[in-house]
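Put chain V on the given structure of chain F with help from the hints.
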Amino acid sequence: MKNLWEFWISRRSRTGVWDQCLVAFAIIGSILVMLPLLALANITIGQLADLSYLLEVATDRQVIGSIVLTFSAGLNAVLILLILGTPLSYVLARTQSRFNQAVESLIDIPLVLPHTVAGLMVYILFMQRGLIGAPLAGMGFFFEDAYPGIVVAMLFVAMPFYINSVKEGFQKVPVHMENVARTLGATRFQAFCLVVLPSSVRHILNGSILAWGRAISEFAAVIMIAYYPMIISTLIYYRFTTGGIKESTAVAFVMIVACLVVFLVLRTITRFVGRYDDRV
Amino acid sequence: MIEFEDVSLTLGDFSLHQVSLAIHDGDYYVIMGPSGAGKTIILETIAGLHVPESGRVLLDGKDMRSIPPENRNIGLVYQDYSLFPHMKVEKNIAFGMRMRKVPQADIDRQVRRLMKRFGIAHLAQRSPLTLSGGEQQRVAIARALAIEPGFLLLDEPLSALDPMTRELFVEELRTIHREHALTIVQVTHSTSEASELGTRMAMIMDGRLVQEDRVEHILRSPGTTRIARFIGYENIFDGVVRSCEDGLCRVETDGVSVWAVSGAPVGQGVAFCIGADEISLYNEVMDGSALNVFPGSVTKITISGALALITIDIGIMISAVLTRRSATEMGIEPGAKVFISFKASAVHVMDEDESPGLTHHDPMAAT
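Going line by line, the protein sequences match chains F and V.
With my numbering applied, the first sequence covers 10 to 289.
With my numbering applied, the second sequence covers 1207 to 1573.
Hints listed in this document are in silico derivations from the structure and should not be mistaken for laboratory results.
Cβ atoms here follow ideal geometry from the backbone N, Cα and C, with glycine treated the same way.
One or more of the hints may lead you astray.
Said to hold, decoys possible - When the alpha-carbon atoms are kept at most 30 angstroms apart in a straight line, the in silico DSSO-like pairs for lysine-lysine are as follows: (1) V:K1297 to V:K1307; (2) F:K181 to V:K1297; (3) F:K181 to V:K1294.
What the hints assert, rightly or not - Label-pair distances were calculated between CB atoms; the ranges are: (4) F:R70 to V:A1330: 55 to 61 angstroms; (5) V:E1535 to F:V32: 58 to 64 angstroms; (6) V:R1315 to F:V100: 38 to 44 angstroms; (7) V:D1412 to F:V32: 50 to 56 angstroms; (8) F:C202 to V:S1272: 22 to 28 angstroms; (9) F:N109 to V:H1230: 40 to 46 angstroms; (10) V:S1272 to F:C30: 58 to 64 angstroms; (11) V:D1269 to F:L129: 53 to 59 angstroms; (12) F:A35 to V:R1315: 54 to 60 angstroms.
Stated by the list, open to error - Facing chain F, a subset of chain V residues (Cβ under 10 angstroms, in silico): (13) A1253; (14) G1254; (15) P1275; (16) G1281.
Excised from the complex, chain F in its bound form:
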């Protein structure tokens, strides 16, 4: 058996297709891949065994509504990040102020904090008596147990994923390119819009996908401010505590399938968008 293994390894190495070191690394790494794979297989087999129940859950209006709510709130958070996060990422990428580090640490806070803490921070700020929540409540705009509450909680936790990815993209666009655009007659804003943005489109898309993924997977931060309307993770938790494992697993499986489809589509799009920026 050992001889056969050595023969196979040496033969592949000679042809340059396989490298002994890479094969060893792949074997070690596959342990990690096995984890989600096993979990997926486990839940899939369980659900496919009772297809009629799965279909019943999948067509449940509350489940569909919750998935749509989660996806749209996530999308809303990403849209806000696109508008507010893109300029911030550009400033961070193009300046070397001593404040940058402080700003970057602030943005990264949601990465290191327990999500309940993040949720609490958002709640205290946006509750009806909160610093931001109070004046907005006066104008009839509420966050507690409301759609805007879900969006701000998602925005808070997704922010570092978007900012860091887009900042990296901007940093990879040579300043020279902007300089040339400016000598050719573009203002700084035109250079940003016509040269930097198109060159970073892949990073912006990747950042958006990461942020959206992070947003729709949030639970703890969201329930602190908006238990209702139920996003999908709240619904799964609710069904788990009230209906048991079978009910919650079916909802979870529907969410898994929905996420897989959406992310596959997005990743496929990413492969073809902004290919020209491979150099930068």
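Quick look at chain V alone, frame taken from chain F:
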């Protein structure tokens, strides 16, 4: 005309210190210096991409402090060409005109003319990333010229090209300079580029202008040993002036006396350099006008292409350059006994001090 009046500027850890220079209309001005000396910063300051902390930048006599880069009408080409990767070649060239809101018909005409002029018409619909270095270079220059700039700034435009393409481009740049009667400022650290293209030259070291003159003057008479070393002098020595007579000085270094044309006072410590190509090599003593004739033995031969750099021990180690063929014909090999000679005028005496005051010649007096 581009003028720098005591321009100082700090960017991170780098500082430009009170740089003053004048680039006249029609000059092919070369800015030379080691990496990190501040050459590119000077170009970018001309373009308006950095604002001086003190001093003034004047273009055609006008103070440019409040004029942003987009209003300076300056063409800039970087070493990496900085073509916009998301635009086809045609769009890259048209970019400046689009920014200036030139009518589309005029843009099309100008783009076609420039692409034809630079032989890149067939690349119009190609992505810049699929072009060779030489092609990218042509597109970058066409894009800069499309706005009909008052000044063209080139940041090491030839350093990324292979030797053959580079030679073609030297000729190309010379033609552009002549055809467009353009004032070109080029940053380089290549002595050959400076001598092939430049009319005047500024030597920048550690953010300071250390010498400014006609190119051939700086290459023949570097102001300091550091400049001499940078522009490729192999033979640089420290010595003391022992005697002087009729403009000729005898400078002694490590027991070897060398005659030099210099007005340095007797007893002064000086540095001097001798170009390796100024030294003649013989197998036996030859009569000639050279004052400096020394016997010596060959210690080392370094072959570089068709040339051979011969190091000879004459009491000091001195290098001479021969064609490889001449070296073979003369039987030059390590240990061989030879004679060398060089003229007193080939010995360039400099201040011993590494950072003397700026050596600056009046450009009008030079022409």
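Structure-based check of all given hints:
Restraint check for V:K1297 and V:K1307: the C-alpha separation of about 14 angstroms stays at or below 30 angstroms, so the hint holds. Distance hint between F:K181 and V:K1297 is fulfilled; the C-alpha atoms sit about 22 angstroms from each other, no more than 30 angstroms. Between F:K181 and V:K1294 the alpha-carbon distance is near 20 angstroms, which keeps this suggested pair within the 30 angstroms criterion. Taken as a hint, the range 55 to 61 angstroms holds for the pair F:R70 and V:A1330, whose Cβ atoms sit roughly 56 angstroms apart.
Hint check: V:E1535 to F:V32, Cβ distance near 60 angstroms, so the stated range 58 to 64 angstroms holds. Range check, V:R1315 to F:V100: Cβ separation about 40 angstroms, and the 38 to 44 angstroms hint holds. The hint said 50 to 56 angstroms for the Cβ distance between V:D1412 and F:V32, and at roughly 52 angstroms that hint holds. As the Cβ distance of F:C202 to V:S1272 is approximately 24 angstroms, the hint placing it in 22 to 28 angstroms holds.
Between F:N109 and V:H1230 the Cβ separation comes to about 42 angstroms, which falls inside the hinted range of 40 to 46 angstroms. V:S1272 and F:C30 have their C-beta atoms about 60 angstroms apart, which keeps the hinted 58 to 64 angstroms range intact. Checked against the hint of 53 to 59 angstroms, the C-beta distance between V:D1269 and F:L129 comes to roughly 57 angstroms, which is consistent with it. Between F:A35 and V:R1315 the beta carbon distance is about 58 angstroms. The supplied range of 54 to 60 angstroms therefore holds.
Look at V:A1253: its Cβ gets to within about 5 angstroms of chain F, closer than 10 angstroms, so that hint holds up. Given hint, V:G1254 at the interface with chain F, holds; its Cβ is 8 angstroms from that chain's nearest Cβ, closer than 10 angstroms. Because the closest C-beta pair between V:P1275 and chain F is about 4 angstroms apart, less than 10 angstroms, the hint holds. Satisfaction of the interface hint for V:G1281 is found here, the shortest Cβ-Cβ separation to chain F being roughly 7 angstroms, below the 10 angstroms cut-off.
Checked against the numbered hints above, the structure breaks none of them.
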